[in-house]
Amino acid sequence: MAMNHSDNLNEIRAIIAYHKRWDLLALIAGIVALMIAVLTFIALFGNMIIDGMPRLTWEFFTSFPSRKPEAAGILSAWVGTTLIMLVTAAAAVPLGVAAGVYLEEYAPKNLITEIIEINVTNLAGVPSIIYGLLALGLFVYELGLGQSILSAGLTLALLILPIVIVATREAIRSIPVSIREGAYALGATKWQTVADHVIPYSAPGILTGVIIGLARAIGETAPIITIGALTFIAFLPPSPIQDEFPFVSFEWLMEPFTVMPIQMFNWISRPQEAFQHNAAAAGLVLVVMTLLMNGLAIYLRYRLRKKIKW
Amino acid sequence: MQIFKPSSTATLTAQKSVVNNLNFYYGSYQALKNIDMVVYEKQVTALIGPSGCGKSTFLRCFNRMHDLYPHNNYEGEIILYPDNENILSREVDPIEVRMRISMVFQKPNPFPKSIFENVAYGLRIRGVKRRSILEEKVENALRNAALWEEVKDRLGDLAFNLSGGQQQRLCIARALATDPEILLFDEPTSALDPIATASIEELISDLRNKVTILIVTHNMQQAARVSDYTAYMYMGELIEFGATDTIFIKPKNKKTEDYITGRFG
Ligand SMILES: Nc1ncnc2c1ncn2[C@@H]1O[C@H](COP(=O)(O)OP(=O)(O)O)[C@@H](O)[C@H]1O
Ligand SMILES: [Mg+2]
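The listed protein sequences correspond, in order, to chains A and B.
Residue 309 is where the first sequence ends in numbering that gives the first Met the number 0, and the numbering goes up by one at each step.
Residue 264 is where the second sequence ends in numbering that gives the first Met the number 0, and the numbering goes up by one at each step.
To be clear, the hints were calculated from the coordinates, so they are not data collected in a lab.
Careful: at least some of the hints might be erroneous.
FRET-style restraints, in silico, Cβ to Cβ [claimed, not checked]:
hint : chain 1 : residue 1 : chain 2 : residue 2 : range
1    : B       : G261      : A       : T120      : 48 to 58 Å
2    : A       : L303      : B       : Y28       : 35 to 45 Å
3    : A       : P239      : B       : E148      : 45 to 55 Å
4    : A       : A89       : B       : N160      : 30 to 40 Å
5    : A       : G218      : B       : Q29       : 51 to 61 Å
6    : B       : V127      : A       : V37       : 54 to 64 Å
7    : B       : E148      : A       : D242      : 51 to 61 Å
8    : A       : P199      : B       : S189      : 45 to 55 Å
Predicted, not measured: the structure shown is a model, and the values here were computed from it.
All C-beta atoms in this analysis are idealised placements derived from N, C-alpha and C, irrespective of residue type, glycine included.
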């Protein structure tokens, strides 16, 4: 085929130019989509800063809610949120790690295990209010834990359990076979291998998963309302640390509570403008708490990964 | 490079282990076929042969590593002396076998722990708690692995901070710390540079009179340098076994000769 050389070249150039138009279009579409996301974030966050920033004084953190907007604060809300997060972590970490370790290290590879695995993954997608309904029946009534900090903490623990399990399994899977075989070759039992190697070496990944889970739980509202959080609380639960023997108390577990997002919701539903500013300020605190937790997770992952390189 | 010659008394030593009609299956795939062999006490036995012929599979029978994974099956016996016990028997706990027979892997695999804790781990799982005993045994193992002088001032450092060759010697120390009856090596120098390789080979030669050694290597010069006995494997079968001198100078089998003279492999 004696095709003219320069004709051929021109044809190639035309095709390239045509294809490159699509490159450009894809680029523009991408940027537009990204700008929508970024602008939404800026609008939301910027608005909250403008409205809420002036309210962020020391008193805002140390005051109970009040009928007077300028005197109201988030003391009972942030204390409630913190205590519930403690319960959530204390319940979700051992359960999630044990389940993850079992699935990775002990479970036989069969149909039942596979069904369990699919279930765990699907649990992560269940709407959080469903957890609230389950918890209302199980914790609040059946187990008689009432509308307490304990009930709320356990509910959120169930909610983040799939996240902790998945993080645990991924962390365990990233441990090379050679390390495991090294332990077994020295005569370690399965449990010795798990306790001395598998769990310690996957701790950074597990920790990251726990923090990401808690960052999700901290903003959850629906399940907490379902189990009966109060929207107005002007007292604190008894302190866990007492100055009399035995110095620790678990009375706080059974106390009623409120949390940050519910406090926000309460203020938003008030007609007065000033309460809207309180809501914005509380929202700002909540967002910063979440961002800090995510930041901590990223930092820990980076730090601890640097120490353990496979 | 220095050449380490096997001792000439090779044939006079006792049998540490005898392999009788060993077959091994990965599921339905038979990776080892009717293997008979002897492992002589305090001698170095090299397993050579082309890649995929079953050297690692054979080696990992000695510490029942295959028990870690499902669908693996042994047939036949590996008798360990002097107690005359078949370590492949179902009645024998693989953990017991691994406590008696240590292994060093192809790629250095130190634990992400301190140098000291790496060597001490085997002792700890045997229940040794006394600090003084741990320290003494760790030092001994590190000396036997020719690593003590390099690390004695930084036993608390993370093992990952050592060079590749040092890491492999650390793994040898870890395996030696528990006084194994047999030490298994699976291509211990294949991930190392020539200088580190030479130091590991020298170490293996130094260890020959202290412990029974079984070493897989794809490097024939290495087998010739470090071993007293050599087994040539091909496609899951043991083609020829004998004193290293004999195997390398006048092999009986044509396949062995072809492999050793480099006509194939
Ligand atoms: N886990 C396994 N499952 C199935 N087949 C395997 C497995 N490991 C090794 N094999 C096969 O067994 C044969 C011997 O492998 P191996 O012992 O690793 O050889 P070598 O160490 O001599 O290179 C090869 O054909 C390999 O593909
Ligand atoms: Mg191999």
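Evaluated hints:
no., hint, in the structure
1, B:G261 <-> A:T120: 48 to 58 Å, "54 Å, holds"
2, A:L303 <-> B:Y28: 35 to 45 Å, "40 Å, holds"
3, A:P239 <-> B:E148: 45 to 55 Å, "53 Å, holds"
4, A:A89 <-> B:N160: 30 to 40 Å, "36 Å, holds"
5, A:G218 <-> B:Q29: 51 to 61 Å, "58 Å, holds"
6, B:V127 <-> A:V37: 54 to 64 Å, "60 Å, holds"
7, B:E148 <-> A:D242: 51 to 61 Å, "57 Å, holds"
8, A:P199 <-> B:S189: 45 to 55 Å, "29 Å, violated"
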